[in-house]
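*Asks:* Residues per chain are reported as follows:
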Amino acid sequence: MAGETRTIRTEALARVEGEGALHLKLKDGRAEEVRLAIYEAPRFFEGLLRGRRFDEAPDITARICGICPVAYQTSAMLAMEDAAGVEVPPALRDLRRLLYCGEWLQSHALHVVLLHAPDFFDLDDGFALAERHGDVVRRGLDIKRVGNAIMEVVGGRAVHPVNPRVGGFYRVPTRAELAPLRPQVEEARKAALATLAWTATLPIPELERHVAFLAVHDPDGYAIDRGTLHASTGAVFTAGEWDDHVVERQVPHSTALHATLDGASPYLTGPLARWALNGHQLPGWLQDAAAEAGLARPCRNPFASIQVRAAEMAWAADEALRLIDAYETPAAPVVDAQPRDAVGYGVSEAPRGALHHGYAVDGEGLITRARIVPPTSQNQAAIEADIRATAEANVALDDAALSWRCEQAIRNHDPCISCSAHFLNLTVERG
Amino acid sequence: MARRKSLAVWKFASCDGCQLAVLDGVDELLALAGAVDIAYFLEASKAKVEGPYDLSLVEGSITTEHDARRIREVRGASERVVTIGACATAGGIQGLRNDADADDFARAVYPRPEELAYLPSSTAIGQHVLVDFEVRGCPVNPRQVREVVGAYLAGRHPQISAASVCTDCKRRGLPCVMVAHGTPCLGPVTQAGCGALCPACDRGCYGCYGPMEAPRTAALAAWWRELGVSEADIARAFRTFNADAPAFREEARRHGG
Numbered sequence: 001m002a003g004e005t006r007t008i009r010t011e012a013l014a015r016v017e018g019e020g021a022l023h024l025k026l027k028d029g030r031a032e033e034v035r036l037a038i039y040e041a042p043r044f045f046e047g048l049l050r051g052r053r054f055d056e057a058p059d060i061t062a063r064i065c066g067i068c069p070v071a072y073q074t075s076a077m078l079a080m081e082d083a084a085g086v087e088v089p090p091a092l093r094d095l096r097r098l099l100y101c102g103e104w105l106q107s108h109a110l111h112v113v114l115l116h117a118p119d120f121f122d123l124d125d126g127f128a129l130a131e132r133h134g135d136v137v138r139r140g141l142d143i144k145r146v147g148n149a150i151m152e153v154v155g156g157r158a159v160h161p162v163n164p165r166v167g168g169f170y171r172v173p174t175r176a177e178l179a180p181l182r183p184q185v186e187e188a189r190k191a192a193l194a195t196l197a198w199t200a201t202l203p204i205p206e207l208e209r210h211v212a213f214l215a216v217h218d219p220d221g222y223a224i225d226r227g228t229l230h231a232s233t234g235a236v237f238t239a240g241e242w243d244d245h246v247v248e249r250q251v252p253h254s255t256a257l258h259a260t261l262d263g264a265s266p267y268l269t270g271p272l273a274r275w276a277l278n279g280h281q282l283p284g285w286l287q288d289a290a291a292e293a294g295l296a297r298p299c300r301n302p303f304a305s306i307q308v309r310a311a312e313m314a315w316a317a318d319e320a321l322r323l324i325d326a327y328e329t330p331a332a333p334v335v336d337a338q339p340r341d342a343v344g345y346g347v348s349e350a351p352r353g354a355l356h357h358g359y360a361v362d363g364e365g366l367i368t369r370a371r372i373v374p375p376t377s378q379n380q381a382a383i384e385a386d387i388r389a390t391a392e393a394n395v396a397l398d399d400a401a402l403s404w405r406c407e408q409a410i411r412n413h414d415p416c417i418s419c420s421a422h423f424l425n426l427t428v429e430r431g
Numbered sequence: 001m002a003r004r005k006s007l008a009v010w011k012f013a014s015c016d017g018c019q020l021a022v023l024d025g026v027d028e029l030l031a032l033a034g035a036v037d038i039a040y041f042l043e044a045s046k047a048k049v050e051g052p053y054d055l056s057l058v059e060g061s062i063t064t065e066h067d068a069r070r071i072r073e074v075r076g077a078s079e080r081v082v083t084i085g086a087c088a089t090a091g092g093i094q095g096l097r098n099d100a101d102a103d104d105f106a107r108a109v110y111p112r113p114e115e116l117a118y119l120p121s122s123t124a125i126g127q128h129v130l131v132d133f134e135v136r137g138c139p140v141n142p143r144q145v146r147e148v149v150g151a152y153l154a155g156r157h158p159q160i161s162a163a164s165v166c167t168d169c170k171r172r173g174l175p176c177v178m179v180a181h182g183t184p185c186l187g188p189v190t191q192a193g194c195g196a197l198c199p200a201c202d203r204g205c206y207g208c209y210g211p212m213e214a215p216r217t218a219a220l221a222a223w224w225r226e227l228g229v230s231e232a233d234i235a236r237a238f239r240t241f242n243a244d245a246p247a248f249r250e251e252a253r254r255h256g257g
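Line by line, the protein sequences are chains Z and H.
Following the working numbering from start to finish, the first sequence increments by one per residue and tops out at 431.
Following the working numbering from start to finish, the second sequence increments by one per residue and tops out at 257.
Just so you know, not all the hints are guaranteed correct.
[Said to hold, decoys possible] What follows is a set of in silico ranges between Cβ atoms, one per label pair, in the way DEER data are often shown: (1) LEU227/H with ARG132/Z: 54 to 60 Å; (2) GLY221/Z with HIS157/H: 49 to 55 Å; (3) ARG69/H with ALA393/Z: 34 to 40 Å; (4) ARG369/Z with ARG112/H: 17 to 23 Å.
Just so you know, these hints were derived from the structure itself, not from any lab.
C-beta: ideal position from N, C-alpha, C; glycine also.
This is chain H alone, in the form it adopts within the complex (with noise of 0.2 Å):
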């Protein structure tokens, strides 16, 4: 009989809300944990194997020197990394010190910020170590880390769609809250995944899951400015979960985020 797989989560810097979308497939969870040894998973587990394992689970960014070190090991001790969440995958919504002062933001919460240890940015784990696949949004749909969780102990490549929003939108039969409201929506430059949900409210997408394949963000903000959009807001807009996704970094930049 062939041995059971291994699969560990890690935490790095986070809300823990991705760590939750995983748990809240706990049924299947709990089958699985029948089917693979959950090695290693803090938040729910007081258990701990030693690694190596064939899949980690990474959720959070890299903020403090200790942790740059930390997904170093994890790395070395894991056949497969998957990185879950806008944090892990671009940084989260933390990485909105990276053009700004950290120490800056640091004196606005504690009296002494000296004694704390942290680095000037938060950076996507991709930029430390290879990553095997990213599952992105801001949560992450745990639908989609089934699937990513699934293939990888089934050795297949994971079946997660690239491209925008909008072919969520249309699979729902949702009218477009851009032409038919003039709602600004990122949707048209934010990868799938979430199904639409935004825009179903009657929202405009607000970008978690971070930008798609290819994204034409340039021409957006243009459509954008035409709704009446300042620049500052549009700036803002591409700013929040995945300010440091290379896409939406440099479109803020052109409208002096």
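Next up, chain Z with everything else stripped away, as it sits in the complex (with noise of 0.2 Å):
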């Protein structure tokens, strides 16, 4: 209707890790205005890690998010890894991989299932899905027990593990410890792949955004612990040229910062970036079995990104599985990293996209300067431009069924607010 404005509000965004809000303003069908509100309260993290010893990073950094601690962890310890000059032995690194798997795991399965699945269905929650799916979620929260499990194994905590370091871990398991993992990993396998061929059967609404995409890339496997930046833009860059090419910028609305790429906004970092980038990477089987599911490559529906996590559960399970095999005790569970004046930096492969740290140590080894970009705040532009072709797609939707939609628009991302708090609640005005 011509002159018709049109405002909603979400207050607060449900099945999202984190506190945030959207603001969106309708007028003629168009998104005149798009704000996705970061209420979450800001933690400084940069600011208390000064005046704190170089190895302290990967425990505290660890807090900024109880869902991806081994993604914060693993950037640290690169970072400083790469400050004091020293690299971990293959071995060790192995063992870092494996605790990694078990993150994605968890975080994927706890995404896939109780946070991303019920909107497929227009249902309130996992606990609703459960009621007319209890399969397919029991099924879910198994795999999210296996990565668990790891983590308990390798990191002895399966939220904030206390056994990786700088430099390596404080003690390596037995092979006879991960044995009895090996079954579970079986299972965890055989089950990602059954929700990979399950998201066959939702009904994945149609969007084609155009974005670039970044993502960690590993020459030798389908990167997570380590590796250089790819972009979709042709730009290749190491952890420490990441200033260079990802500029971040602070928004009125938000306490999660804005971040382009080479001048690129929106740019986005997470599943579809990994899947478009590195996805030739994966083993045959299972780019048939994604190829089965409808899943295309790349794949540009962020609705369809729950495929792509699915398919990088079955992944995950499976390096698992090859770790765990290869695994031999390390001769020592830790490398000797001194301090010294120096600066180092750190990227790896969140469950949500790239996450990089920067720091700066001096000789006693206490940080004088940190910066930590977490996947979201890079995905924030992202997901507001995707609000915005959601809501004007859908303009004939009465407020309240817009709202829900555009709430399914961000949850695609699977934000993690608490990370990028430096992010969430729904607001539509109408004009």
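Could you fit the two chains together into a complex? Lean on the hints.
*Replies:* Written as structure tokens, this is what we have:
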């Protein structure tokens, strides 16, 4: 209707990690204003890290996010090892990768089954989904439990593992300690493949988004625990060159900073980016299973990210099996990393995308400067663009239905607001 | 038939890790969802039921004026309030700002901190409202959360030990890392409940469950000094995830922290 203005506000977004809100102003069917407001109380990690010892960074930054603590620990350890000029030997690197596979399994399973799947059935939550599709929810929770089990055996605890440290681990497990994981992980791989096949039955809304992709790339395998950055724009850069490519700016409505990639905004990091840039590295049987489930590569539909996460769960379980089978107890749990006056950078693939850490350390080993760029703040502009596209395509819906559809567009990205608040409520204004 | 009890889960400044620990008992939670109304749990559900609630679990610390008002509303709407985790029980890692300049911290992250709304301190929920029970840990142990939720729903008092991590080590038969390896450990002054996770990894406890009842922090600090730990490192050890817990805060100050 000519001249009609609608304002839609969602005060508190459900099924996201952390606190955010959405404000949407529609005029004549166009989205005039889209603001993803992140009101998560800021905790100032980059500030409180100053004056802490370099080897405290993994434990402290883990507390940025209870869903992906290993991502924070890994990027921090890589950065501090870079500063100390040491590299951990392959055996310890593999053990880190196994721990990280556990985190991917539990984080993806949580999102796929409890947070994202209910959207495709118009249900409020995983509890309601469990009443209708108990087998699907139980299967997902079994995968999550296996992820947790890996984290407990290798990391000492499922949330905020205590065992990883700069240079390696406090204690490395024996082969016998890893052995009981094997049959569970085998089951998790089957469950993940069944979940991937099940995603083919979901009514996935059509949406095609053209944004740049950014992912960590490792020539030796699907990147998680290390690598260099590759972008769909052709840019290739190391963790140390991050600041030359990614620029963060503060926006008034959010405690998350917005990022641009070589001036490009929006860009996307996370499952769709990894699938586009690294998917060719996945084993043939998994690429076939994904194709059978109807997942194209690249995939530009954020609603279909649930399929990529399901495929990545199958991969993470498969990779964990490989690592368990190849495991020999490392000769030493840790390599010596001595503090020195230096800067260090680290990047790894958190379940939600590339996570960058950069530190300056003084001669005493104390942190003088810290910079942490989480995936959700990189994705915020892309999420806002998705909301705009979703709102304009669904302008005929009433406010409640439109608001709910926009919330779904947000949850596609599994935003972690605790991480980015440096994130979310929904308001729609129509005019 | 008796009315079903209602449970709400609230988040303040935190990492969501303790809510995740609650979700990790999810089989029990699904069973629980049959026994209680999960009335408000934003991380897990869209469904919201207006209070009052029989039991509120609160994660996170108070760091903004808005949250200082919100926690009073939560208290007003709840029969029982149980805080979960180091943020809610002691201000959390973000409590490090309490002995520093919060504006200076903010400037380290944001180009225009003046656009942000925050308090100079991060404080425990118990400093704002009456709390019925505190579940410690960074993060909490899911078993302890289940014990406390189960106890209040059954109308009994929770059975949670306030003794030190040393009792967990003894129970597991772990050799003392401090005696056997000279590894500095906060276990003797830290509340049990984790199951001695760090000593089981050949690592000294880093105090994430906060101070035990009547901790002898000065005696432990003297022992650390004998092990060659610097004053600054002793101060930092007490000033981490439970920096604003009084016993740890006072000990840190005695060492210049």
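*Asks:* Would you mind marking each hint as holding or not holding in the structure?
*Replies:* Hints versus structure:
As the Cβ distance of LEU227/H to ARG132/Z is approximately 58 Å, the hint placing it in 54 to 60 Å holds. For the pair GLY221/Z and HIS157/H, the beta carbons lie near 52 Å from each other, so the given range of 49 to 55 Å is met. Evaluation of the 34 to 40 Å hint for ARG69/H and ALA393/Z yields a pass: the beta carbon distance comes to about 38 Å. Separated by about 19 Å at the C-beta atoms, ARG369/Z and ARG112/H satisfy the suggested range of 17 to 23 Å.
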